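Asker: What follows is the residue order along each chain.
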Amino acid sequence: MTADRSRLGLGKLLLWLVLAVPAAAMVAGWLSGRVILMDLLEPSGEMAVRLMVLALLPGPLAECIGAGRFLRAWLAVRRNLGVAAFLYALLHLAFYAIDMNALSAILEELELPGIWTGWLALALFVPAAATSTDRAMRILRRRWKTIQRVVYAAAAASFLHWLLLDWNWQKAALHAAPLILVWLLRAVRRLPSHQRRPT
Amino acid sequence: MKQYNTPFLAVLLAAPALFLSTPARADGDVRCNSGPQQNWKPMSALKKQAWLEGWTVQKAQIEGDCYEVYARTENGQAVEAFFHPVTLQKLLVLRRGREIYRAPGFTN
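Order-wise, the sequence lines are chains W and V.
Under the UniProt record's numbering, the residue at position 144 of the first sequence is numbered 144, and the numbers go up by one with no gaps.
Under the UniProt record's numbering, the residue at position 33 of the second sequence is numbered 33, and the numbers go up by one with no gaps.
Just so you know, these hints were derived from the structure itself, not from any lab.
These figures come from a predicted structure and were not determined experimentally.
Be aware that a few hints might be false.
Result set (BS3-like, lysine-lysine): computed pairs, CA atoms no more than 30 Å apart in a straight line [unchecked claim]:
| id | chain 1 | residue 1 | chain 2 | residue 2 |
| --- | --- | --- | --- | --- |
| 1 | V | 59 | V | 90 |
| 2 | V | 41 | V | 59 |
| 3 | W | 145 | W | 12 |
| 4 | V | 59 | W | 12 |
| 5 | V | 48 | W | 171 |
| 6 | V | 47 | V | 90 |
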């Protein structure tokens, strides 16, 4: 286990560097005045959703097709992808808050479905992000998985948030499609008729 | 069955949000039937029109055959509005995806 982890160390560092590039580009664009905050809302939110999808995919996929080398590596970094998704969601919120420029304005539009679904998504994402460490995993044991499953609800709220703001079905659907596909596949596999009889 | 509870509940809880909101259209779907661009009023006139509304313009652009403005109202509300490029009539105003104004007779 220890050897495994140290081997992954450099890989994970590289992964985090790659994951940080879009965020750095967004912040740099804003600070230099090339991009206005309003235009960073969509890319930051999109990154959060994409990483969330990437974190949610390998689990059911491995269950359906079995974990080969590639999927095992993917599984090994999925918590990193999930945490990165959460960080992009926070960046998205920060851009929004700075752009709104007043707490009163933020509170005033809280009742809009396009807005509160975003807050809901973030709130539902907090438990999983807060328990993403090895330590939390050890302490929580079986309950850890239950907490992580709340991310499904966060994903659903995120897609709604996107849809209600943008009314662009294709884009949100395109991101949700892989998840729906693997969940369906897994659901079919878990049907009693597909399960191996215990001998 | 337990595994399906969370996603199922999520969809169940989130679905009403779709119905709570007035359906609007994706930006690209709004049609102004504005004809050739040489007859359009200049972008500066559009910005002035938005200013006359009491808005602070964040961004003004062409979207399809419409003029589109992202702005803040006097009350600090974030709005997205579509104007007819020839008449500069305000056709549609959205607030975070919710339709808050539609010009009489405008159905696109």
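Asker: Determine for every hint whether it applies to the structure shown.
Answerer: Tested hints:
1. V:59 <-> V:90: holds, 16 Å
2. V:41 <-> V:59: holds, 17 Å
3. W:145 <-> W:12: Roughly 22 Å between the alpha carbons, so the hint for residue 145 of chain W and residue 12 of chain W holds.
4. V:59 <-> W:12: Outside the cut-off at roughly 39 Å; violated.
5. V:48 <-> W:171: Violated, because 33 Å separates the two Cα atoms, which is more than 30 Å.
6. V:47 <-> V:90: With a Cα-Cα distance of about 12 Å, the restraint between residue 47 of chain V and residue 90 of chain V holds, given a limit of 30 Å.
Of the hints listed earlier, those the structure fails to meet are numbers 4, 5, in rising order.
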